[in-house]
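Please model the complete structure; the sequences and the hints are all you need to start from.
Protein chains in written order, with my numbering: chain X, 767 to 1145; chain C, 767 to 1145.
Note that these hints are calculated values from the structure, not bench results.
Since the model is a prediction, treat every value here as computed from it, not as a measurement.
Heads up, a few of these hints could be off.
Any copy will do: because identical chains look the same in the list, a pair fits if it lies in one copy or spans two.
The calculated lysine-lysine pairs, modelled on DSSO-like cross-linking and capped at a C-alpha distance of 30 Å, are [claimed, not checked]:
no.: 1; residue 1: Lys-885; residue 2: Lys-1020
no.: 2; residue 1: Lys-1032; residue 2: Lys-885
no.: 3; residue 1: Lys-885; residue 2: Lys-1022
no.: 4; residue 1: Lys-885; residue 2: Lys-775
no.: 5; residue 1: Lys-857; residue 2: Lys-1032
no.: 6; residue 1: Lys-1034; residue 2: Lys-1095
no.: 7; residue 1: Lys-885; residue 2: Lys-1034
no.: 8; residue 1: Lys-1095; residue 2: Lys-857
no.: 9; residue 1: Lys-775; residue 2: Lys-1032
no.: 10; residue 1: Lys-857; residue 2: Lys-885
no.: 11; residue 1: Lys-1016; residue 2: Lys-885
no.: 12; residue 1: Lys-1034; residue 2: Lys-1020
no.: 13; residue 1: Lys-775; residue 2: Lys-1047
Number of protein chains: 2
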Amino acid sequence: MSTTSTIAKGLDGIVAAETEMSYIDGINGILEYVGIRIGDLSSNSTFEETVFLLWNRRLPNASELSAFVNELRAAYALPEGMVERIGQLPKDALPMHVLRTLVSELALSDPNPNDNNTKAAQAKAVRILGCAPALVACFDRHRRGLEFVAPDPQRSFASNFLYMLNGSDPTETMVRAFDICMILHADHGLNNSTFAARVIISTLSDVYSALTGAIGSLRGPLHGGANEGVMHMLNEIPSVDDVESYIMGKIQRKEKIMGFGHRIYKAKDPRATDLQSLARKLAEDTGNADLYEKSSRIEQIMERELAHRGIYPNVDFYSATTYFCIGLKLDLFTPMFALSRLGGWSGHIIEQLSDNRLFRPKAQYVGPHDVPYTPMDNR
Amino acid sequence: MSTTSTIAKGLDGIVAAETEMSYIDGINGILEYVGIRIGDLSSNSTFEETVFLLWNRRLPNASELSAFVNELRAAYALPEGMVERIGQLPKDALPMHVLRTLVSELALSDPNPNDNNTKAAQAKAVRILGCAPALVACFDRHRRGLEFVAPDPQRSFASNFLYMLNGSDPTETMVRAFDICMILHADHGLNNSTFAARVIISTLSDVYSALTGAIGSLRGPLHGGANEGVMHMLNEIPSVDDVESYIMGKIQRKEKIMGFGHRIYKAKDPRATDLQSLARKLAEDTGNADLYEKSSRIEQIMERELAHRGIYPNVDFYSATTYFCIGLKLDLFTPMFALSRLGGWSGHIIEQLSDNRLFRPKAQYVGPHDVPYTPMDNR
Chain X
767 MSTTSTIAKG LDGIVAAETE MSYIDGINGI LEYVGIRIGD LSSNSTFEET VFLLWNRRLP
827 NASELSAFVN ELRAAYALPE GMVERIGQLP KDALPMHVLR TLVSELALSD PNPNDNNTKA
887 AQAKAVRILG CAPALVACFD RHRRGLEFVA PDPQRSFASN FLYMLNGSDP TETMVRAFDI
947 CMILHADHGL NNSTFAARVI ISTLSDVYSA LTGAIGSLRG PLHGGANEGV MHMLNEIPSV
1007 DDVESYIMGK IQRKEKIMGF GHRIYKAKDP RATDLQSLAR KLAEDTGNAD LYEKSSRIEQ
1067 IMERELAHRG IYPNVDFYSA TTYFCIGLKL DLFTPMFALS RLGGWSGHII EQLSDNRLFR
1127 PKAQYVGPHD VPYTPMDNR
Chain C
767 MSTTSTIAKG LDGIVAAETE MSYIDGINGI LEYVGIRIGD LSSNSTFEET VFLLWNRRLP
827 NASELSAFVN ELRAAYALPE GMVERIGQLP KDALPMHVLR TLVSELALSD PNPNDNNTKA
887 AQAKAVRILG CAPALVACFD RHRRGLEFVA PDPQRSFASN FLYMLNGSDP TETMVRAFDI
947 CMILHADHGL NNSTFAARVI ISTLSDVYSA LTGAIGSLRG PLHGGANEGV MHMLNEIPSV
1007 DDVESYIMGK IQRKEKIMGF GHRIYKAKDP RATDLQSLAR KLAEDTGNAD LYEKSSRIEQ
1067 IMERELAHRG IYPNVDFYSA TTYFCIGLKL DLFTPMFALS RLGGWSGHII EQLSDNRLFR
1127 PKAQYVGPHD VPYTPMDNR
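Right, dumping it as structure tokens:
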């Protein structure tokens, strides 16, 4: 009755979409956004400019950038009543579940949430990206028993988030470090959450539905949740001298070392290279040099032991130290990834809408056939 | 720099997972749940028993069914404070956006929302399936300015929903019709929303994230949203005598006829066959015979004109008339689909978790390479 087909488990190796946004050369450890090396962007660009680049496939001129930045800043404010609703949430709720719920809820204050033409979809993406930092900061202050700090439209995306979170002026070093993290995490081909966003929008649903699904995907420990795992590991190792025995023990027990290995990269993730120098500088500046030393020692051991198998540090490895030194709590690490990736997800949603075909693969049915409905008395 | 690969657009024909739940033979118009023909289930089973079947791959005996039913009924009640929060929502919000938001929000009152072992995942699925009808009914009454009607744990899933929605005892015919709709929509292979749920859970995220994503996918007009489209079409046709010219006009203008055609079925969807007799009976009983007559006339014309191209009625075609005769408002049609499909989605989530591999396809990059970062002054 059924024919047997090859199952593309995890869709490994299947090309499921075209994109003009990011290019990954996993063998040589290269990542480009619209052809520009990620290192050139992290050295020279800003998150706002990078999002413009991803959405428009070119760098903006001065007036275009200023218009885009103003549009984004105009979207910093939360919808009416949202601060009060966040204030009702259980304080022990997990920030990724909160962020997913609140981004979904933004649709309820949009008079036309289902509008999917390019202009409307992009306006919704700006709206969500603009106020997502306030959603995260507002919930974090609520659970700490602190008053909401209203967004400041004079500030950049990075500066505004740190200002709302801490209620004080962030240092320039912090803002730049955070901005670089936002640039580095903004897009990365058809990773799971981006793919989820494209799958969901392909029913011609809406930007809110697709972004909500993507946030849910990113939450998982096999995806964005991994940066939390790195920090747990660093906390478990008492000192730099304990790294060797800790890591060798894990390798011998064949346990996964968080922050290493990637389906695509068989070389050092170029984002890890950028984050490494950032993490070192921040760790020194903030009195956390031991954290960087531990990380660096882990990388040396892993290189000695596992580089021959193509296992290298990925983006999560040094982002953990970076976020820790910026002063972020552990369960805000993945929400930070989400804030940045909202830029990439939105670009992919608009790309998918521009040449849509419903994602509808097949399942191989492996159960019985022609089973009778047995009446209850005979079961 | 890049190699060209074949793009599996929409993943058409790609087998992305194994399942023991439903089997579709699109050529012969057969649908089985765990080997049992859908018609046997709609004639003999209940939604509760069907969900047990899908989750356990066998029919329950009397005590197993009773235990499962009791577990589900114990989950009918909404978490503390939820009725009040729903009462704050804008009355013009769209029910699918509301349902997506509220299912996501259920995670915030779960002390361990990320627990993914089979038992925990199944308990979360019961919790969400149990109270989702109350979420829909509570919002609908709120927007109509009516008091919330608390769920009645003495009632079946179908009876309880209709009772909460209308605040009165539904007739047996209504309850049975609604129950059959729930059975027919519960699972259907790797449709887009089910696939979205499996993609999201494959990061080892959580049941809430995966179901929230699936609801977002179902909302789209190329998926669950299509049953609304059928009703719009029926409303546009003044009388049975106008059907011929209306449909022929659409065919000549090459416009899509809502409720016809399916990626998988090249025969009449067996669920449409079951729904057709249900729709006829309900339409007669409720004084909506003209609605059924219009539908039936559309099907005749479509068969005459387009059956040679494999375009037949799908599940949405007669579910529109059925839901209308039950007294549901148009924008509740897709939420009804969601209530039922929560059963299938949850089964797939548990199936995916039992043999997980991260979904991570590739994108084909089609943009430029080696683009320099041009300084602002030179753009």
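Each hint, compared with the structure:
1. Lys-885 / Lys-1020: So Lys-885 and Lys-1020 pass the 30 Å test across copies only (27 Å; inside, 50 Å).
2. Lys-1032 / Lys-885: neither (38 Å within a copy, 37 Å between copies)
3. Lys-885 / Lys-1022: Classified as between; 25 Å across copies, 44 Å inside a copy.
4. Lys-885 / Lys-775: Close across copies (24 Å), not inside one copy (36 Å); limit 30 Å.
5. Lys-857 / Lys-1032: Neither. Shortest intra-copy (41 Å) and inter-copy (52 Å) distances fail the 30 Å Cα cut-off.
6. Lys-1034 / Lys-1095: within (27 Å within a copy, 55 Å between copies)
7. Lys-885 / Lys-1034: Classified as neither; 38 Å inside a copy, 39 Å across copies.
8. Lys-1095 / Lys-857: within (14 Å within a copy, 37 Å between copies)
9. Lys-775 / Lys-1032: both (20 Å within a copy, 27 Å between copies)
10. Lys-857 / Lys-885: between (37 Å within a copy, 26 Å between copies)
11. Lys-1016 / Lys-885: Cα proximity of Lys-1016 and Lys-885: across copies only (29 Å, versus 50 Å in one copy).
12. Lys-1034 / Lys-1020: within (21 Å within a copy, 52 Å between copies)
13. Lys-775 / Lys-1047: The answer is neither: 41 Å in one copy and 44 Å across copies each exceed 30 Å.
When each numbered hint is compared with the structure, violations occur for hints 2, 5, 7 and 13.
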